[in-house]
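Note that the protein sequences, when read in sequence, are chains E, R, F and Y.
As numbered in the working numbering, the first sequence has no gaps in its residue numbers, which increase by one up to the final residue, 214.
As numbered in the working numbering, the second sequence has no gaps in its residue numbers, which increase by one up to the final residue, 214.
As numbered in the working numbering, the third sequence has no gaps in its residue numbers, which increase by one up to the final residue, 214.
As numbered in the working numbering, the fourth sequence has no gaps in its residue numbers, which increase by one up to the final residue, 214.
Hints in this document: simulated from the structure, not taken from any laboratory.
Please note: incorrect hints may appear among the correct ones.
It does not matter which identical chain is used: a pair holds within one copy or between any two.
Distance condition first, Cα-Cα at most 30 Å in a straight line; then the derived BS3-like pairs of lysine-lysine [unchecked claim]:
(1) Lys20 <-> Lys107
(2) Lys110 <-> Lys20
(3) Lys44 <-> Lys28
(4) Lys211 <-> Lys181
It should be emphasised that the depicted structure is a prediction, and the values quoted were computed from it without experimental measurement.
Number of protein chains: 4
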Amino acid sequence: MEVRLIRHTPKPELLVASAAKLCYSKVGIEDITKNLSRDKQNEFIKKLLKMGHLSPFEHISFTFGIEGISRVCTHQFVRHRIASFSQQSQRYVSFDEAEYVIPPAIKKSLKTKFEKYTEDSLKFYRQLIEEGVAPEDARYILPQSFCTKIVVTMNARELFHFFGLRCCNRAQWEIREVAEAMLTEAKKIAPNIFSDSGAPCVKGACPEGELSCGKPKKRL
Amino acid sequence: MEVRLIRHTPKPELLVASAAKLCYSKVGIEDITKNLSRDKQNEFIKKLLKMGHLSPFEHISFTFGIEGISRVCTHQFVRHRIASFSQQSQRYVSFDEAEYVIPPAIKKSLKTKFEKYTEDSLKFYRQLIEEGVAPEDARYILPQSFCTKIVVTMNARELFHFFGLRCCNRAQWEIREVAEAMLTEAKKIAPNIFSDSGAPCVKGACPEGELSCGKPKKRL
Amino acid sequence: MEVRLIRHTPKPELLVASAAKLCYSKVGIEDITKNLSRDKQNEFIKKLLKMGHLSPFEHISFTFGIEGISRVCTHQFVRHRIASFSQQSQRYVSFDEAEYVIPPAIKKSLKTKFEKYTEDSLKFYRQLIEEGVAPEDARYILPQSFCTKIVVTMNARELFHFFGLRCCNRAQWEIREVAEAMLTEAKKIAPNIFSDSGAPCVKGACPEGELSCGKPKKRL
Amino acid sequence: MEVRLIRHTPKPELLVASAAKLCYSKVGIEDITKNLSRDKQNEFIKKLLKMGHLSPFEHISFTFGIEGISRVCTHQFVRHRIASFSQQSQRYVSFDEAEYVIPPAIKKSLKTKFEKYTEDSLKFYRQLIEEGVAPEDARYILPQSFCTKIVVTMNARELFHFFGLRCCNRAQWEIREVAEAMLTEAKKIAPNIFSDSGAPCVKGACPEGELSCGKPKKRL
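Model the full assembly from the supplied sequences, consistent with the hints where possible.
Encoded structure:
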């Protein structure tokens, strides 16, 4: 799996603090982009996060390039609707190599069988293609383990929501790994904004009730 | 594949016409739900569709129960973001039977091999489950042809958009079949609203340019 | 102010419970709409609400007709983006009568002056219209107190969010009155679904921190 | 009115072209950000626009700071739901000066009366404030002409939609001026992406039917 932050809104923390300042004061557009020290920005951001006034965080967005993840993972990923996706098409692109994800829980002889099975599925896929079946139809034989590539853009407010659900231990391991890698990248750019991001247990009580894993996570 | 309309906003055509009437006249809420004959409703609906004033069509929604479609199809389906989905989970539900979709283009000996291959994948999946692998991980071996079930709700404006893309010959055959079955059901309930729905070519020029299939479709 | 529930998805509690059941069991579409007793439905709904698994609540929607509210109120209202609105246009409709909202805090002589001022503004508006100014331009003179009418559709998940923000004592009194009237109506139709709806304090701690009003509300 | 572009996704045209390239080819994330000449980018962008394959344009967003526009204008503006807004609050900010918009159609003596009337409304507003009425309630007396400030973020796909509606001669003059100023700014940054943006008539037939103004616009 590879997760790379390929774009983000420049000076994101300044923008969030400035937009929030506009809501609550008489300043003009010119002013809000000036005279806001790092300390003042951080103070604003902390206050907004604490009050749950999250709309200013929508002004900044982050674009990730992700590859080496399975179609299991992307089928979950694209359920997030306040997001933009560009995914490698299995209709327009045909595959020569068996790039796939093996869940860590599949070990030893099962793993060997899994690999053999998956390699065979690629061979059958290639046979279908060669006998004239379109890639969009041949792919029905491909296991869900097959890799895909995706470009994802989310604004920071949606990232809060995404990290809350997908960094949680109750999320499946694969999308959790993606989410944690995304959070790590986002934090480098906007450390104050994402300081409390992650599973809800990093900053408060677990909301999962009887389904709780019972193992609170630490901040990344 | 089975597509069933399981709910819809009652009296949908009256509601759309009433909401539109509110925008353009002095009437009150009480009035807009009365004194609007079928003829008047139809006239309003035609006018709105012609002008592209589509927001009143958002007030009515349709809920479909769909089963016997592949994960290929639902991965496309859930890309529609102005929609609500409840899909049978491969994390919480494990499978005993090989229910799957074979693309019509896979015929004869290839079809036999496809069937054999898919049955074998279920056996391997069952073996993984029995050796203690969780369903969420065992499913990585399942081909994308495996069936799933989904409940989908969209409002009429989003259905217009969905039908425009997915009834088009350039959409893949499986989601096109779903879309056409949905349109057929929706039309029974709101014939005036969906009279022009479907691929763009049913009511005008093809927008696909050089990618056009060159075979304009007829109204369903 | 008048708030009327003019449409809702039929049998909303059964639909939510059925959609949720589909996610977690092997049942088919046919089954989910049957064999689900009222007790079983309620049990499902309680569980979903407790776990915060809110997506099944998106399948049901509610349409309200609202009149006698100010443009102050609708400017706040239409900020809710997961919603559909049809509002009486001040571009296409011109006004003869001064229908307006007076905040309860404006009393006695101030109220008399407020009324006089508003009546005068209508007269000036009428003069502008009569001298050929279009309603869309004449309205610039109208105070924000002037009444408007609106049809609003939201699904239950968005209603939860809306009620959480707008039934709170920190919301302005006018939209709070609208929200409470909407909740009262919705509760008649789906009492289990909306049992815990309202300001967050009806079922737990106030999230407003130092801005808290300190007066927890009771369930409607 | 002042419209200022205060942030945008860096290298927006490269990102759109790269994301699109990922969908249709075997390249990896590393590759898509390289080896894409300006010419190749432009070619991709033209093709995507022509086919109406608009999702890659969602990856880039633009943030505008806007001041000196009326509450008439922002009430229309915030109806766009695929957008993020931070608006100066009339609940938390009180006003000392009568900053307002006069529609150009209001001339001569009417204009003088308009100005007098608006100045008086500010005086009454100040009186209400001084007698202890909260700004959120005092504002009911303020005409809709009063100015507000807003920070708006939209992605390019939504900007296409916004410009299509709001640069049209059928839009009200004030939001049309805002939209045209936004388009002018966006074009400086991403000239290929916005080359055909604006009212639909800049690149094709008017879709407004009998309501058409009959005066096709030129590209900005």
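To see whether the hints hold, each was checked on the structure:
{"no.": "1", "hint": "Lys20 <-> Lys107", "result": "between (68 Å within a copy, 27 Å between copies)"}
{"no.": "2", "hint": "Lys110 <-> Lys20", "result": "between (67 Å within a copy, 24 Å between copies)"}
{"no.": "3", "hint": "Lys44 <-> Lys28", "result": "within (24 Å within a copy, 41 Å between copies)"}
{"no.": "4", "hint": "Lys211 <-> Lys181", "result": "within (17 Å within a copy, 38 Å between copies)"}
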